[in-house]
Amino acid sequence: MTRFWNVRENADALFAGFLLVTVLALCVLVPLLWPIDPVRGTLTATFKPPLSIIGGEWHPLGTDQLGRDLFARLGLGTAISLSIVLAASAISVVLGTTLGMIAGYYRGWFDIIIMRAVDVQLAIPFILLILLIVAVIGPSMGNLVVVLGVTGWAVFARVARAKTLEIRELEYIDASRSIGLSDMVIIFRHVLPNIVGPITVLMTLDLPRLIILEASVGFLGLGVRPPTPTLGNLIGEGRAFILLANWLVLYPGLVIGALVIGCNLIGDWLVRRADSRNT
Amino acid sequence: MKTLSFITGRALQGLVVMFGVSAIVFFALFLTGDPAAMMMSPDASRAELEAFRQAMGFNDPIWVQYGRFLASALTGELGTSLRFQRPALGLLIERLPATALLAMTALLWSSLLGFVLGTIAAIRKNSAIDFAIRIISLLGQAIPVFWLALLLIIFFSLKLRWLPSSGIGSAAHLIMPSIALGAYYLSAITRLVRASLIEVLGENYIRTARAKGISSWRIIVHHALRNALIPVITVQGMYFASLLGGALVTEIIFAWPGIGRLAVEAIQNRDFPVVQAVVLFAAAVFVIVNFLVDLAYVWLNPRIRL
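Quick mapping for you: the protein sequence lines, in order, are chains A and B. Each residue of the first sequence is one higher than the last, beginning at 1 in our numbering. Each residue of the second sequence is one higher than the last, beginning at 1 in our numbering.
Please note that a few of the clues may not be correct.
Residues of chain A clear of chain B, computed beta-carbon distances all greater than 10 Å [unchecked claim]:
#: 1; residue: Leu24
#: 2; residue: Glu57
#: 3; residue: Phe126
#: 4; residue: Gly142
Pulled a few chain A residues facing chain B out of the computed Cβ check, cut under 8 Å [stated by the list, open to error]:
#: 5; residue: Phe110
#: 6; residue: Ile113
#: 7; residue: Arg116
#: 8; residue: Asp119
#: 9; residue: Ile124
#: 10; residue: Ile127
#: 11; residue: Leu131
#: 12; residue: Leu222
#: 13; residue: Val260
These aren't lab readings, by the way, just hints derived from the structure by calculation. Note that beta-carbon positions come from the ideal geometry of N, C-alpha and C, so glycine has one too.
Use the sequences and the hints to build the structure in full.
The following block contains the structure:
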């Protein structure tokens, strides 16, 4: 426990924690507490640079082409993007882990099919598939969550299967079988707890991919539709005005960067901790 | 013998993957709705639509239609663009050189620089320069392609007025798109080379070489890098998919007339046969690249060449 607080050794995790807490504060507190409406604009106050005060309203990050407050929009946009990403990640994790465990536990034809499906999934360019499906079924938040979630299961299935293959050879699994526990009980009560660790690490390292994917879809104008802000569509909308108001592009990008760096550092730190415990 | 079975095994696996991709693409297109309504003019009568459906075979059972789709895909027939009324494959091939040029340039500079940075970081492990290189690679992986692209435009096109902000034509047009596209790759390669080289430098045969008095430079170039290359090459194939995703947004931002832009415009115009062709093509390239990676793996790693 003393090692956990060794600042020098865990500096990266502390920095990552700082980044993630800052972003979380932005996306929780701003939509709740910031008095300025993120969707309603003031047409007499368009393209005001950061730190402007107009009509008694302070705009710390400036305003956009419709005079809307960027700080309020960024807070709400981060909250929406992050909700989409986390919900999608949960779907990927549950789907991938379940299929991977079943494939690894039973082996046989189910295993073969699942593993070939993983290969197929990884060979298809995600972003094209996502854009295609969203274009077909419509770009609502729910649809985005489902599409991002369902297309992200493959890596989790691969890792869950590999771990299950190891675990099913252990003695306590034999013991569970010999006292007559059903396969499902063994898989979910006795295999699952042992692969939660690696899956959590993988999820942390997979989040940056989802964050950037969701932002790319939004940037291309095929995600959640404006005026509802997301990290991606804020940058996509701001792109037309970079000559006039580069802050519209600058700040949403910084939030994406902070999120991704935070997740990557935490992921690396978790891997390192797991490694040092094993050796 | 082992080599041969390894290679044929991988080739078969690639074929299975392509088969699966074709099925997904076909059924995704099936979800898009009635193709007859899309291809005919909106004022066509019900009887005309029905006759068209019959003639095109849209009334056949779905597996018959899939079989037909597969057969024509194998002969290079990938449907007709609804927007341009031209074969989708032809449109794709027209746009291929631009994307290939962009992707190759991006890959080339980022791999070379990534190799140099990764090697320096591994040799000077835990020094200030290693720390600086790690920060660069962390940033490269965290910055979305489109954001980096816009920053480059703001700085080099709008402020300094050095480089054209969009289009194709001269070497200057190629600079910013290939930087934006290669940045992620640069950090990936740097991280991989660093990690892999640090591991190899700890091996016994490196110590033996040192003990024999071989110069450090020679050890790194002749003994360590070759082995450190193996894991780097193996994951190359995996990064290929993200390269395509990056190419999509890069081409949109810089108005680069490549396959990525073709695909996004096709999606925006609901021109699904073109999207279908691009997905199939990208998956085929992915499978081929991964196969080549497997071959390179065999070549680099004599241990499996038994």
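Here is how each hint holds up against the structure:
Non-interface call for Leu24(A) relative to chain B: holds, since the shortest CB-CB distance, roughly 17 Å, exceeds 10 Å. At roughly 27 Å from the closest C-beta of chain B, the C-beta of Glu57(A) stays outside 10 Å, upholding its exclusion from the interface. Chain B draws Phe126(A) into its interface by the beta-carbon criterion, the shortest separation being 7 Å against a cut-off of 10 Å. Distance to chain B confirms Gly142(A) as a non-interface residue, since its nearest Cβ pair spans about 17 Å, more than 10 Å.
Here the hint on Phe110(A) is broken, as its CB sits about 16 Å from the closest CB of chain B, past 8 Å. Using the Cβ-Cβ criterion of 8 Å, the hint placing Ile113(A) at the interface with chain B is not satisfied: the shortest such distance is roughly 10 Å. Of the supplied interface hints, the one on Arg116(A) holds, with its beta-carbon coming within about 6 Å of a beta-carbon of chain B, less than 8 Å. For Asp119(A), the shortest C-beta to C-beta distance to chain B is roughly 5 Å, which falls under 8 Å, so the interface hint holds.
Hint status for Ile124(A) relative to chain B: holds, with the closest Cβ pair at about 6 Å, below 8 Å. The criterion of a C-beta within 8 Å of any C-beta in chain B is met by Ile127(A), whose closest approach is roughly 4 Å, and the hint holds. The criterion of a C-beta within 8 Å of any C-beta in chain B is met by Leu131(A), whose closest approach is roughly 5 Å, and the hint holds. The beta carbon of Leu222(A) is positioned within 8 Å of a beta carbon in chain B (closest approach about 7 Å), and the interface hint is therefore held.
For Val260(A), the shortest C-beta to C-beta distance to chain B is roughly 4 Å, which falls under 8 Å, so the interface hint holds.
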